[in-house]
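A.B. asks: These are the residues of each chain, in order.
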Amino acid sequence: MKLTRRHAIVMALGSAAAFTMPFRAYAAVEEDIEAFTGGVEIGTGGITLVAPEIAENGNTVPIEVDAPGAEAIMILATGNPVPAVGTFTFGALAGSQSAATRIRLAGTQDVVAIARMPDGSFVQASQEVKVTIGGCGG
Amino acid sequence: MKLLIKGGIVSAALFAAFGANADEEASLVINEDIEITVRTDAPAHLDNMRTIYSGWVYRSDETQALQMDDFENPGMIFVDDAIDVWASADGSEGKGCVDCHNEPASMAGVRATYPKWNEEAGEVRTLAMQVNGCRTERMGAEEWKYDGSDMLNMEALLASVSRGMPVNVAIDGPAQSTWEMGKELYYTRTGQLDLSCANCHEDNYGNNIRADHLSQGQINGFPTYRLKNAKLNGVQSRFRGCVRDTRAETYAVGSDEFIALELYVASRGNGLSVEGPSVRN
Amino acid sequence: MAENVKPRVRVPRDATAGETIIIKTLISHKMESGQRKDDDGNVIPRSIINRFTCTFNGESVIDVAMEPAISTNPYFEFEVTVPESGTFEFTWYDDDGDIYTDTKEIAVS
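Residue numbers (the numbering used here), protein chains in the order written: chain A, 1 to 138; chain B, 139 to 419; chain C, 420 to 528.
Every clue listed holds true.
As a list, the in silico BS3-like pairs of lysine-lysine whose alpha-carbon atoms are at most 30 Å apart:
id	chain 1	residue 1	chain 2	residue 2
1	C	K425	C	K443
2	C	K425	B	K283
3	B	K283	C	K456
I should point out that these hints are in silico values taken from the structure, not numbers from a laboratory.
Quick caveat, the model's predicted, so the values are computed rather than measured.
Using the sequences and the accompanying hints, generate a full structural model.
C.D. replies: This is the structure in structure tokens:
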């Protein structure tokens with residue numbers, strides 16, 4: 001690939017952003033995860049997160065989570081000013097440990113779902129959602 | 139020549155071929171029951187397009203899905219609100235909509251023919267003007283604000299009972315001069331960006347303007363629930379937003395200009411189904 | 420009291436014992452996030468629904484802790500196994516202390 005001036009600028013901006021921007025948000029993400037897991041290591045598998053690759057508007061992004069057998073599932077939007085989105089706790093009559101809702105994303109970012117299993121273990125899934133910025137405010 | 143060059147530069151700068159973010163072939167059936175015509179032959183008066191498309195086809199899969207089931211369509215919340223208002227009396231005559239019109243379902247087909255000529259009033263009336271006509275002339279009630287929430291809720295209810303019926307506004311007879319005025323406005327460039335409605339919605343539908351996938355600007359789905367502001371939006375407010383985005387001073391909502399433009403733009407969608415309240419981004 | 424808050428719930432009218440059914444809920448609420456500013460630059464205070472629960476004959480189906488990142492007019496979809504005929508109770512808890520409820524009966528054969 002030919003490295004154009006435009007690419008160079010974009011890459012420079014990207015790395016600058018990676019170094020400076022998300023510290024505060026990352027700290028909050030870490031805190032939320034710590035509060036949910038108590039520091040227990042988080043595995044993968046056994047949990048599915050469905051979210052659009054590209055969201056047409058960050059105000060209303062449909063998501064679904066499914067973690068068979070889970071007690072609870074926490075959702076985090078890692079790039080939001082307040083990363084916590086919500087926690088689903090499933091009761092005895094839940095027909096499945098799955099749910100769908102609509103969430104707000106402040107920009108392109110990873111959405112993370114972490115499930116607490118009855119044996120005290122945790123699993124997670126994540127997906128990047130690109131949030132487009134429209135051309136027409138209208 | 140100068141104009142052409144300028145137009146070319148604007149196009150190159152603003153518009154790009156569209157990415158794979160919408161299924162333009164999708165078809166829309168609401169509640170597994172109401173079939174919606176989202177693409178059909180253009181009406182005879184349209185010279186530059188052969189097929190007309192509802193704005194629904196340009197939206198992402200997720201946004202499209204929100205309109206396929208009334209429960210998932212947040213616009214239907216406002217229809218529910220209007221059903222309550224429909225049955226309640228307001229104004230000096232102690233009447234509600236229900237006293238003349240019975241159930242809302244009796245209004246099926248009405249949305250499809252507006253804006254239209256009102257012989258008694260001697261003017262072209264939008265549906266909002268007609269609702270206010272009812273309120274002031276028959277009910278002795280206050281007018282609702284044009285594109286205010288009371289009005290949009292009622293327009294959403296009236297649209298909802300006409301869903302699936304083809305838009306069919308009259309463009310001849312006494313409405314013709316208003317229609318001609320609307321057409322003139324549609325093709326007139328405005329603002330610092332020097333764009334007409336046609337530059338985006340006739341020349342570039344299907345392309346992207348920045349990250350937005352441009353539709354034909356059809357209004358068969360209004361009022362529309364927009365994800366960006368999570369509420370119902372009126373046609374003329376949307377016109378206002380578009381004109382403002384060309385960096386122009388805009389006409390007012392409810393002005394003669396926008397009434398004429400609404401009639402003309404509605405007529406560009408003759409043949410598409412009434413879809414409101416639709417869901418858009 | 421937040422304005423125009425109206426819960427909507429979709430539950431099938433009947434089911435067979437042990438069947439898993441889908442429930443959908445939507446409530447009209449602006450879910451003011453506390454992140455926005457008004458025209459004068461002042462932060463608009465947070466005002467959201469912070470919890471939603473669904474029970475069946477008093478037993479828990481789902482309990483959701485909600486944050487400001489839940490969209491305007493909160494929507495939830497989830498599944499329930501219905502053991503017998505009875506009543507679903509849906510409850511939304513507003514920041515301002517208001518509680519909105521809805522109930523739905525289901526006949527199980």
